[in-house]
Amino acid sequence: MNWKTTATAMGLALLASTGLARAEGVLNIYNWGNYTSPDVIKKFEDKYKIKVTITDYDSNDTALAKVRQGGTGFDIAVPSQTYVPIWIKEGLLLETDPGKMENFKNVAPEWANPEFDPGRKYSVPWAWGTIGVVVNTDAYKGPADTWGIVFNTPDELKGKVNVVPEMGDVIFAAIKYVGGQQCTDDKAVLKKVRDLLVAAKPNWIAMEYNTIEKMGAGDFKATSDWNGSALRQRLANAAIHYNYPKEGFGLWSDNVVVLKEAKNVENAKLFQNFIMDPENAAGLSAFHRYANAITGSDKYMPADMKDAPEVVIPADAKPKGEFQKMCAPETQELYTKIWTELQK
Amino acid sequence: MAAAEEVAKAAERRDVRDRWLLSAPALLVILLAATGPLLIVLVYSFLTPGAYGDVKWQFSPDAWISVFMERDIFDDTLSLAAAHVTIFWRSIKLAVVTTLATLALGFPTAYFMATRSEKTRDLWLFLITIPFWTNLLIRTFAVLQIIRNEGIINTILLKLGIISAPIQILYTDTAILIGMAYVYLPLMVLPIYASMEKLDFRLVEAGYDLYATRFKVLRKIIFPLVKPGVIAGSILVFIPALGAYVTPVVLGGGKNMMLSNLIELQFGQGRNWPLGSALSITVMVIVMLALLAYVRNAGKSGVRHG
Numbered sequence: 001m002n003w004k005t006t007a008t009a010m011g012l013a014l015l016a017s018t019g020l021a022r023a024e025g026v027l028n029i030y031n032w033g034n035y036t037s038p039d040v041i042k043k044f045e046d047k048y049k050i051k052v053t054i055t056d057y058d059s060n061d062t063a064l065a066k067v068r069q070g071g072t073g074f075d076i077a078v079p080s081q082t083y084v085p086i087w088i089k090e091g092l093l094l095e096t097d098p099g100k101m102e103n104f105k106n107v108a109p110e111w112a113n114p115e116f117d118p119g120r121k122y123s124v125p126w127a128w129g130t131i132g133v134v135v136n137t138d139a140y141k142g143p144a145d146t147w148g149i150v151f152n153t154p155d156e157l158k159g160k161v162n163v164v165p166e167m168g169d170v171i172f173a174a175i176k177y178v179g180g181q182q183c184t185d186d187k188a189v190l191k192k193v194r195d196l197l198v199a200a201k202p203n204w205i206a207m208e209y210n211t212i213e214k215m216g217a218g219d220f221k222a223t224s225d226w227n228g229s230a231l232r233q234r235l236a237n238a239a240i241h242y243n244y245p246k247e248g249f250g251l252w253s254d255n256v257v258v259l260k261e262a263k264n265v266e267n268a269k270l271f272q273n274f275i276m277d278p279e280n281a282a283g284l285s286a287f288h289r290y291a292n293a294i295t296g297s298d299k300y301m302p303a304d305m306k307d308a309p310e311v312v313i314p315a316d317a318k319p320k321g322e323f324q325k326m327c328a329p330e331t332q333e334l335y336t337k338i339w340t341e342l343q344k
Numbered sequence: 001m002a003a004a005e006e007v008a009k010a011a012e013r014r015d016v017r018d019r020w021l022l023s024a025p026a027l028l029v030i031l032l033a034a035t036g037p038l039l040i041v042l043v044y045s046f047l048t049p050g051a052y053g054d055v056k057w058q059f060s061p062d063a064w065i066s067v068f069m070e071r072d073i074f075d076d077t078l079s080l081a082a083a084h085v086t087i088f089w090r091s092i093k094l095a096v097v098t099t100l101a102t103l104a105l106g107f108p109t110a111y112f113m114a115t116r117s118e119k120t121r122d123l124w125l126f127l128i129t130i131p132f133w134t135n136l137l138i139r140t141f142a143v144l145q146i147i148r149n150e151g152i153i154n155t156i157l158l159k160l161g162i163i164s165a166p167i168q169i170l171y172t173d174t175a176i177l178i179g180m181a182y183v184y185l186p187l188m189v190l191p192i193y194a195s196m197e198k199l200d201f202r203l204v205e206a207g208y209d210l211y212a213t214r215f216k217v218l219r220k221i222i223f224p225l226v227k228p229g230v231i232a233g234s235i236l237v238f239i240p241a242l243g244a245y246v247t248p249v250v251l252g253g254g255k256n257m258m259l260s261n262l263i264e265l266q267f268g269q270g271r272n273w274p275l276g277s278a279l280s281i282t283v284m285v286i287v288m289l290a291l292l293a294y295v296r297n298a299g300k301s302g303v304r305h306g
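Which chain is which? The protein sequence lines are X and V, in order.
Residue numbers for the first sequence, in this note's numbering: 1 to 344.
Residue numbers for the second sequence, in this note's numbering: 1 to 306.
The following block holds chain X by itself, in its conformation from the complex:
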């Protein structure tokens, strides 16, 4: 009698659990840390009865290396545009054809057919931004729309400037400052870049990522930085300003892709479509503080972002922006050598 009830209970429990599993799908997202709005995820979960799990990574290289090994269990990743062609070329992505999805009509025209993913066969825009110079105007009042703040530091800022140690970004900025083209392998230009960096370094206080906190606490008075990070700094201290260097500045974007090894393909596609909805895209922006590429999202954007100079590029600075590309491996090797030389 007793074992019978136990068995029945177990059978029922088993039925219940499988039933649950069927009704509630799952979705495993692999994304940068502190980047995914919990509110938007909650909305997605409620709408589609899908349980979302988010795992963090801290660099494009980490994410690529891990996914390349396989067996990660992730359905979705969010690589930067410079890396998307590699993910495609290495056969890591599933061709979900977002260009044909219902909400694709919302994608802003300039983002609908990007060079890194022609026709949007794989990726959906998540966020985009710029890399410029942040200055605390209490410490320095002069013109700051130049990489010279970092590479030819004015006296007031000497020993107070930080540089975010993102190799590609720093080399990009230095090449622009000496008047070269991005990804150049011209030795004459690179020699200038090397000399510029080596001469500039004694004026830097640090090479750190943690700029929001350090600019806020006054450890740094200026830094190279991403625009969303600059926005958060200004909201904490109104004297902190973001500047678009006149020599040229980098543009980047992160994009949602579905992995070939994904187990929950349909749910992943639902997610790709879901975040192209203007209201949801605005929700994501409200959290990570970067612009999205979705038309019509502005009316849902938080008030402090609508006209923020960090998010809306001023008309006169716009032509100076340039999409950062992935440099050839041989060029990358030269850059690594300059970088090692800089930090030795």
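Simulated from the structure, these hints should not be mistaken for laboratory data.
Be careful, since some hints might not be right.
Said to hold, decoys possible - Computed list of lysine-lysine pairs in DSBU-like fashion (alpha-carbon distance at most 30 Å, straight line):
#, chain 1, residue 1, chain 2, residue 2
1, X, LYS263, X, LYS49
2, X, LYS201, V, LYS255
3, X, LYS269, X, LYS325
4, V, LYS220, X, LYS121
5, X, LYS158, V, LYS9
6, X, LYS121, X, LYS158
7, V, LYS159, X, LYS141
8, X, LYS337, V, LYS159
9, V, LYS255, X, LYS344
10, V, LYS56, X, LYS344
11, V, LYS159, X, LYS191
12, V, LYS159, X, LYS246
13, V, LYS255, X, LYS325
14, V, LYS56, X, LYS263
15, X, LYS89, V, LYS255
16, X, LYS306, X, LYS141
Using the hints, position chain V against chain X.
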């Protein structure tokens, strides 16, 4: 007689064989777990870097050549890898100075603890282990809060009017050393204390009875007897200090690379896994050589304990 001996021998052989068989699974696991990953690193160091990270299965000695030699990217001349030598030297120097600093702080601490009454000793030991309850990163950030420009030390000194502008400690070599000494101190104190606790303090009394000065007692009696503890402590501090990663970045500002940052660069933005592997093995070899030299030297002049 002979037959009995034979039986006994056979039994012994069987016994030995059984023991090997029984411990084989454990040995195998240890062997594979300890050497397997290292072998992969070794193999990788002889391969060609993949275009975007990872490796191509194609033999190449380039990684090993570039550990020691570098081809100037501008005039194409081959010379000693000055950047690598500078970075290696910086890390080794930091590890040695950290070891000396923790020894200078840890030895008196251990002596103090060992000379307390039996009951309070446990309390001191307990207090020493408290920092281990917290993650290394958090302890490093705690040091940062103390020494930064708007941190505890500078705020107090400014309020008291002793200084008029904050002292820049953060992002200097001093900051790195303060952090390293703090983080690794318990690793030095514990082994010295373990030796010191066993020390027969009657020997110290005997020394004084024979008119030895305090310094002489320390040098001729206490130090030789706790030497095994000092050696163990130095090794425990030196090895992790050589590979220190978080502390130099957080407190030093990451402007000057340490060995670990150089290796990380190769696996990350540098996308040269073979070079990263070759550098890792070089570090291991340096540590091994340093340890051999150290232990051998220390062993020669050491006094047998007990």
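Handout entry: List of violated hint numbers, smallest to largest
Key = 4, 5, 6, 8, 11, 12, 15
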